[in-house]
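Engineer: Using the hints provided, position chains B and C relative to the given structure of chain A.
Single-letter residue listing:
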Amino acid sequence: MGRKAKDILVKSIIYLATGITLSVLLFIIGFIFVKGIGAINWNFISRDYNEKVFYAFVENSSVPLTIEPKVMENKTTYDKKYETPLEAPVYVENIGAAITKVQYKYYSTDREQFIFSYIEKNSPFQNAVQSNGAPVDIGTDYILQSVNGTDLTGLSTNDVKTLINDQTGQLKLKVISPGGGIKSNIITTLYMILLSLAVALPIGIFGAIYLTEYAKAGKVVNTIRFATECLAGIPSIVFGLFGMAFFVVALNFQISLLSGSLTVAIILLPVIIRSTEEALKTVPMAFRQGSLALGATKLQTIFKVILPCAVPGIATAVLLSVGRVIGESAALLLTAGTVAQIPGTLLSPGSTLTVQAYYVAKEEGNIELACAIGIVIIVIVIILNILSRIASDKLDVFNKK
Amino acid sequence: MDSKLKFNIKDLDLFYGDFQALKNINMKICEKEVTAFIGPSGCGKSTFLRCLNRMNDLIDSVKIKGEIIFDGQDINGDIDVINLRTRVGMVFQSPNPFPMSIYENVAYGPKCQGLKDKTKLDTIVKDSLERAALWDEVKDRLNKSALGLSGGQQQRLCIARTIAMDPEVILMDEPTSALDPIATAKIEDLMQSLKKLYTIIIVTHSMQQAGRISDKTAFFLMGEIVEFDDTHKIFTNPDDKRTEDYITGRFG
Amino acid sequence: MEAIKLKKLKKLKKLKEKIIENFFLICALVAVISVLAITFFVFYNGLKPFVTNSYPFWNFISGVEWRPGSNMYGIFYMIVGSVFATTGAILIGVPIAIFTAVFIAEMASSQIGKVIRFAVELLAGIPSVLYGVFGLGIIVPYVLKISPKAQGESLLATILVLAIMILPTVISISETSIGAVPKAYREGSYALGASKIQTIFKVVIPAARSGIMTGVILGIGRAIGETIAVMLVCGNPIAGIPTSLFDQIRPLTTNIALEMGYASGVHQQLLYSTGVVLFVFIMIINVIVNKLVKVRVDS
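Residue numbers (my numbering), protein chains in the order written: chain A, 19 to 419; chain B, 11 to 262; chain C, 53 to 351.
Same shape as in the complex, but just chain A (with noise of 0.2 Å):
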């Protein structure tokens, strides 16, 4: 083949890669973006996942409605993909509040309830208390499913309405919080982050430190710096046998957020580390000199003229660590759990955002939930790239003045 053909052939896989690389990028970015978007607003994002049942005591009053019935009766808070309405909507005076019938269908569970698809300003709701006095929320799309211990199974909406008239004094409701929302895996993301953070930042830094400042060459240095190249290489699964055997069973911390942040912040040291001793490096010699001429002790140097300088970098290796910890999911599956909750202590189990994913794809096979996660996901993925780039265009101004 002669040589300009066999350049046109080259060139044409080169293109033919390139454009392969892009495509796969859209595709995963589009299919996620498409099939999750109809699953977001801002219920998904302030639930939980799980329903929550609770006794609610509401004073027995008489809320007008406000507004005209027609509009009421086209208030269709419910989530329309899942559930659809039996009978009309009807305004309840006592509880200021309209409830309509609806069949709800999702995936395995195929029930009829009834939900508050409208509720007053001045519905007594607003002042609604548990059993220990303690306030509690009541929102449309919320199910009601006892009236003072009457189960409402079976009524029509006219017997609901009647039934709670006929009530006097306080009525106690038993409602069901919807669920389907990721406000708990957010937060036992967040607690995470934290945590984990918390534990590997200074440990990461002051070894660093050390390697940079203190160490002299030789067989310590080496060896730390071989288990940091080895560190970086463990895949995150036998991680998470690790935590499993030392953190959930060795130390019984069980599995909770303390083992899986504990397990995180391991995968996050050799991260930390790199990143914090680059930036160190930078560091011209010429301030260290400067600092231990004017009779500064090696301490003072480092905490008063050297970090100050390698904070670029430093931010740089906590942007880093943020997003792999949000990235993070076998060794969290196998240390912190499945259960979609906000974790109460840390010896609670509690699922991440991604780890969430996987258990809605996987269990339930809910690809829309778990794109609608990967949105949320991704959405950060973009903020934090940008906010490392504005960092290390920080330490790039840094390093030309």
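Hints in this document: simulated from the structure, not taken from any laboratory. Please note that a few of the clues may not be correct.
On the chain A side, residues computed to face chain C include the following (Cβ under 10 Å) [to be verified]:
| no. | residue |
| --- | --- |
| 1 | 45 |
| 2 | 46 |
| 3 | 50 |
| 4 | 242 |
| 5 | 246 |
| 6 | 254 |
| 7 | 263 |
| 8 | 284 |
| 9 | 287 |
| 10 | 317 |
| 11 | 352 |
Below, simulated DSSO-like cross-link-like pairs (lysine-lysine); rule was C-alpha separation at most 30 Å, straight line [said to hold, decoys possible]:
| no. | chain 1 | residue 1 | chain 2 | residue 2 |
| --- | --- | --- | --- | --- |
| 12 | B | 130 | A | 22 |
| 13 | C | 235 | B | 149 |
| 14 | A | 24 | B | 121 |
| 15 | A | 24 | C | 248 |
| 16 | A | 234 | A | 299 |
| 17 | A | 139 | A | 201 |
Note that CB positions come from ideal geometry on N, CA and C, so glycine has one too.
Structural biologist: Then chains B and C, alone, in the frame of chain A:
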């Protein structure tokens, strides 16, 4: 005396973005001679040299006006640049052998042109290394890495691989400025034998070198040719006062 | 009196400095301790069943069925699955990655280069679970369409997902290595009458060889260690050495993740043993490829 014309440069201007690096260059370069370009740093000699084999194409912001006629063709026009470079070779200031064996370095050019016959390649490698006065030193280690050679040997290797292309012209951009005096002397000797076969154009910082090895010399100053004549005349009785000032060391 | 006080103060200061230096040293040693601890715990739990003879090692390593209920724990078919998936991913992903890196480093204008680099960074930031979701949502149904068996989850789907996942790693490292090749080599090549493509493939890429190999090694590590994304698309059968691209596979990684949640006793220990095998595998691959790189670079 008026040997055949190899390069005929007419009204050449060159811009790096807005900055004009070469102004109204006119020059006739004869074949099988050594022509030297001298002048202070930044006066445009290397830039001009790189015009002659279109190496300035590698820089984005360069704009060129004017004609460079090489064997009847204006090489600033729409020509096969790759073919041009097989006829006009270049040796760089810092020796830059590829991280390959000595053999592979010399054989690189011919192989790119499609030559596969091992015997032919062997002959070309041997001839080129001989002409570059390097054969005896490397004939037993052709398969070893070129990076293991000394600076002077590497530069001769670069000359050898340029020769392997059998060019008509060899451009040399300060070829000895990175070498020690002994290596420099070896290469200067080499140039005397090379000029019998090739037209050589050399940019040099060293006036002594220009005086020793070249037939014609051009003195560049701030992007212009101040004077271009027989070397002997330039160095003993220049026409222009600026040339005289430079030669006598009044400025560097 | 004063002199003694000053001496004491100096000594205290020095002591304080020494203590803090040692504190920093300990922090640095945490990395070493972690590696040792990880190795210890995983190997301890993983080797227990063989040392205490709860399960024969040979059955474990050569068995082709994993049925905890019937006390059968064979991981050979998983090893094969892992190896096939990784090999396939490398064969598809590495060439695409290297050519893309060539495009960014050598052929694209700086504007386009920036855009593609950003796209690659974005790809790198996507968590593995989302690659799995993508695989489950798009690749699996597609494989189902073209598969002679009635399943989309397969070796092929796994290979495709893994190939995509290693792209960002190999691209960015290769691109950096290619960019680091000195300009002098390129100039020397052009001056000899080589074309751009010839210069790239005959001079630049060979010069960037060791960096590119590092990228490939990292890619291999990523592919063989990937768990979550693979779990969603591989099928996880309890038996069967994959003989066709459309067979389901259960790589070593997914075996661990799937059952760790509820396994106990010997079953759980053998999951650790699976981890040990994975560990050893990765170690072997690292050593082999490192040796290969050394040999090529020296020659």
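Engineer: For every hint, state whether the structure bears it out.
Structural biologist: So, going through the hints one by one against the coordinates:
no., hint, in the structure
1, 45, "holds, 7 Å"
2, 46, "holds, 5 Å"
3, 50, "holds, 6 Å"
4, 242, "holds, 5 Å"
5, 246, "holds, 5 Å"
6, 254, "holds, 7 Å"
7, 263, "holds, 4 Å"
8, 284, "holds, 5 Å"
9, 287, "holds, 5 Å"
10, 317, "holds, 6 Å"
11, 352, "holds, 5 Å"
12, 130/B to 22/A, "holds, 22 Å"
13, 235/C to 149/B, "holds, 29 Å"
14, 24/A to 121/B, "holds, 14 Å"
15, 24/A to 248/C, "holds, 12 Å"
16, 234/A to 299/A, "holds, 15 Å"
17, 139/A to 201/A, "holds, 25 Å"
Figure legend: structure checked against the earlier numbered hints; every hint is met.
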